[in-house]
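Protein chains: 2
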Amino acid sequence: MKLANIFDSIPDSFEQELSQLLAQNENLRIERIVSKGHTSPASGWYDQEENEWLIVLKGAAILAFEHADDVRLKCGDYLNIPAHTRHRVTWTEPDSETVWLAIHY
Amino acid sequence: MKLANIFDSIPDSFEQELSQLLAQNENLRIERIVSKGHTSPASGWYDQEENEWLIVLKGAAILAFEHADDVRLKCGDYLNIPAHTRHRVTWTEPDSETVWLAIHY
Chain H
1 MKLANIFDSI PDSFEQELSQ LLAQNENLRI ERIVSKGHTS PASGWYDQEE NEWLIVLKGA
61 AILAFEHADD VRLKCGDYLN IPAHTRHRVT WTEPDSETVW LAIHY
Chain Y
106 MKLANIFDSI PDSFEQELSQ LLAQNENLRI ERIVSKGHTS PASGWYDQEE NEWLIVLKGA
166 AILAFEHADD VRLKCGDYLN IPAHTRHRVT WTEPDSETVW LAIHY
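Protein chains in written order, with my numbering: chain H, 1 to 105; chain Y, 106 to 210.
There could be a bad hint or two in this list.
As the list claims (entries may be wrong) - Simulated restraints, written as ranges between beta carbons of each label pair:
hint, chain 1, residue 1, chain 2, residue 2, range
1, Y, Ser148, H, Pro94, 22 to 32 Å
2, H, Phe65, Y, Gln125, 22 to 32 Å
3, H, Asp95, Y, Asn110, 16 to 26 Å
4, H, Gln48, Y, Thr144, 31 to 41 Å
5, Y, Arg191, H, Asp69, 19 to 29 Å
6, H, Ala42, Y, Arg134, 31 to 41 Å
7, H, Ser19, Y, Glu155, 20 to 30 Å
8, H, Arg86, Y, Ala147, 15 to 25 Å
9, Y, Ala147, H, Ala42, 50 to 60 Å
10, Y, Gly142, H, Phe7, 38 to 48 Å
11, H, Glu26, Y, Asp117, 35 to 45 Å
The hints are simulated quantities; they were obtained by calculation from the structure and are not laboratory data.
Note that the Cβ used here is the ideal one computed from N, Cα and C, for glycine as well.
Could you build all of it, start to finish, from the sequences and the hints given here?
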């Protein structure tokens, strides 16, 4: 059984948000995302075909939604974003990594 | 957007392992499991129809496999258990909670 750790293999610096596929099949993708002050592009929204369940495992972030209040996530916070719920990341901790686990399904 | 925290709502004591469904559709189930010294039944193996991706988010545990070496998991460790890979939990931390996130898919 191949064991890995979600907090390992994070480079000291990275220009863009890191995204790493951990598992997938035809019905889902499990992804690690690492941010460090990164946010979504300044204009526009993520508008996804799939549902996304996500949890913050380290750090903190703020998500904005087109039709709902902003949500601030800290370690352990999770939420489910139904398909086509327009959202964006407006803030992540600038001085340390924010590690997300995202399940697209 | 409904926010919850994976480390919340854990009772002080619980006789059996706790299992809580966090999200599901026809293709997956996302589940929180909380153990405190709990293990699998002494005889037999879990033999599941679905793949299971799991991560330990707090605590520690040991998984045994019928055809592979034991695996010790600490915080952040994750692994993928393909369907019909017979396994069992042989140990979890006895004095504090072990929190698992399990994705059955």
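Taking the Cβ atom of Arg86/H and the Cβ atom of Ala147/Y, is their distance within the range 15 to 25 Å?
violated, 51 Å
If I claimed the Cβ atoms of Gly142/Y and Phe7/H lie 38 to 48 Å apart, would that claim hold in this structure? The hint (38 to 48 Å, Cβ to Cβ) is violated, given that Gly142/Y and Phe7/H are roughly 25 Å apart.
Quiz prompt | Status of the given 50 to 60 Å range, CB of Ala42/H versus CB of Ala147/Y | solution = holds, 58 Å
So does Ala42/H sit 31 to 41 Å from Arg134/Y, Cβ to Cβ? holds, 37 Å
Does the Cβ-Cβ separation between Asp95/H and Asn110/Y fall within 16 to 26 Å? This hint holds: roughly 23 Å between Cβ atoms.
Check: Does the hinted range 20 to 30 Å hold for Ser19/H and Glu155/Y at CB?
Finding: For Ser19/H and Glu155/Y the Cβ distance comes to about 25 Å; the hint holds.
Outcome of range test on Cβ distance (Phe65/H, Gln125/Y; 22 to 32 Å): Once the Cβ atoms are compared, 25 Å apart, the range 22 to 32 Å for Gln125/Y and Phe65/H holds.
In this structure, is the beta-carbon distance linking Ser148/Y and Pro94/H contained in 22 to 32 Å?
violated, 53 Å
Is it true that the C-beta distance of Glu26/H to Asp117/Y lies inside 35 to 45 Å, as the hint says? holds, 42 Å
For this session: Can you let me know if the beta-carbon spacing of Arg191/Y and Asp69/H is within 19 to 29 Å?
Result: Distance hint for Arg191/Y, Asp69/H is violated at roughly 46 Å.
I want to verify a distance hint. Is the separation of the beta carbons of Gln48/H and Thr144/Y within 31 to 41 Å? With a Cβ separation near 39 Å, Gln48/H and Thr144/Y satisfy 31 to 41 Å, so the hint holds.
Checked against the numbered hints listed earlier, the structure breaks hints 1, 5, 8 and 10; every other hint is satisfied.
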